[in-house]
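All chains should be built: construct the whole structure from the sequences, respecting the hints.
There are 2 protein chains.
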Amino acid sequence: MKYSRQREAIYRAVRQSCSHPTADTVYEQVRDENPQISLGTVYRNLNQLVDGGMLTKIAMPYDGDRFDGRMDEHYHMICTGCGKVVDVNLLSLSQLDSEILQKTGFRVSAHHMVLEGTCEDCAARKPSA
Amino acid sequence: MKYSRQREAIYRAVRQSCSHPTADTVYEQVRDENPQISLGTVYRNLNQLVDGGMLTKIAMPYDGDRFDGRMDEHYHMICTGCGKVVDVNLLSLSQLDSEILQKTGFRVSAHHMVLEGTCEDCAARKPSA
DNA sequence: CTAGGTGCAAAGCGTTTGCTCGGGG
DNA sequence: CCCCGAGCAAACGCTTTGCACCTAG
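One line per chain: the protein sequences are S and W, in this order. Under my numbering, read the first sequence as residues 1 to 129, first letter to last. Under my numbering, read the second sequence as residues 130 to 258, first letter to last.
Everything labelled a hint here was simulated from the structure, so no lab data went into it. It is possible that part of the hints are untrue.
Stated by the list, open to error - Below are the DMTMM-like pairs computed for lysine to aspartate or glutamate, each with C-alpha atoms no more than 20 Å apart in a straight line: (1) Lys232/W x Glu116/S; (2) Lys186/W x Glu137/W; (3) Lys213/W x Asp97/S; (4) Lys186/W x Asp63/S; (5) Lys103/S x Glu249/W; (6) Lys84/S x Asp226/W; (7) Lys186/W x Asp65/S; (8) Lys103/S x Asp216/W; (9) Lys57/S x Glu245/W.
Here it is in structure tokens:
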């Protein structure tokens, strides 16, 4: 892959962020140091970086995709209060695939999981929710 | 909710199907007995039925939403070979929420999970995949 | 009679793509 | 020098919405 200043900036923006940004958020941020960049370029590069195994795309239910610089297998939770997206480390899901294979013959190759709920901050802010 | 012939037909179409149809597939099917129906009406009614707790919407990663007449909690797997979407009954996921609450303080209220892989039929058809 | 539903078409939104120009190697 | 990438704008696919007419209750 040929180097470009824009891709470099996009890659850095996602890696440095811990908010699992959307393409649009990356665009906003990258424009600071690169005012001429276009949204199309951001999408193109995000997809290239995903294809190249440098980033992960998170398909959010009912919302635009988000991007993640963490490449180890994990899942995500979205807070219905503030919209924050946080990581879930792999817990008891490891045996799931073999359990499914045994029971259904379906050989799982990827998980797309997003949990929805209320984060600690929002629970503290509004205990009734 | 006021009765309408169209909503009736849409509801029946989703309940009778075991293929987790998209809005468009429902549209195609309902047009047989209701040629004047519009796609907008199909979307409107599907959403009303989901809001009313009569159907579930399945957010497919990287693809249009699908609808499901099964209302008990379960997940879905999509075959990367043939695109078939099948049900996964709840397995060892039940303790996941409390595990997450303990470790992160995030109170889970909903799961959005789609597993990707190869179904038994496709595995038989093309053993190398 | 009237609130809510339909059909139609246009708009919305996130994302992709065709084209021409520019810059990396 | 050549080709991939950038910038721009138009197109795209799925979904929603505004509007005028219709229909269940």
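Verification of the supplied hints:
1. Only pairs whose Cα atoms come within 20 Å are accepted, and Lys232/W paired with Glu116/S is accepted, the gap being roughly 16 Å.
2. Between Lys186/W and Glu137/W the CA atoms are separated by roughly 17 Å; this keeps the pair inside 20 Å, and the hint holds.
3. Between Lys213/W and Asp97/S the CA atoms are separated by roughly 18 Å; this keeps the pair inside 20 Å, and the hint holds.
4. Straight-line distance between C-alpha atoms of Lys186/W and Asp63/S comes to about 14 Å, which keeps the hinted pair within the 20 Å bound.
5. Between Lys103/S and Glu249/W, the direct Cα distance comes to roughly 11 Å. Compliance with the 20 Å bound is thereby established for this hinted pair.
6. Between Lys84/S and Asp226/W the alpha-carbon distance is near 18 Å, which keeps this suggested pair within the 20 Å criterion.
7. Between Lys186/W and Asp65/S the alpha-carbon distance is near 18 Å, which keeps this suggested pair within the 20 Å criterion.
8. Proximity of Lys103/S to Asp216/W is assessed by CA-CA distance (about 12 Å); at most 20 Å being required, the pair is judged to hold.
9. A threshold of 20 Å between alpha carbons decides the hint, and for Lys57/S with Glu245/W the separation of about 15 Å falls inside it, so the pair holds.
Of the hints listed earlier, there is not a single one the structure fails to meet.
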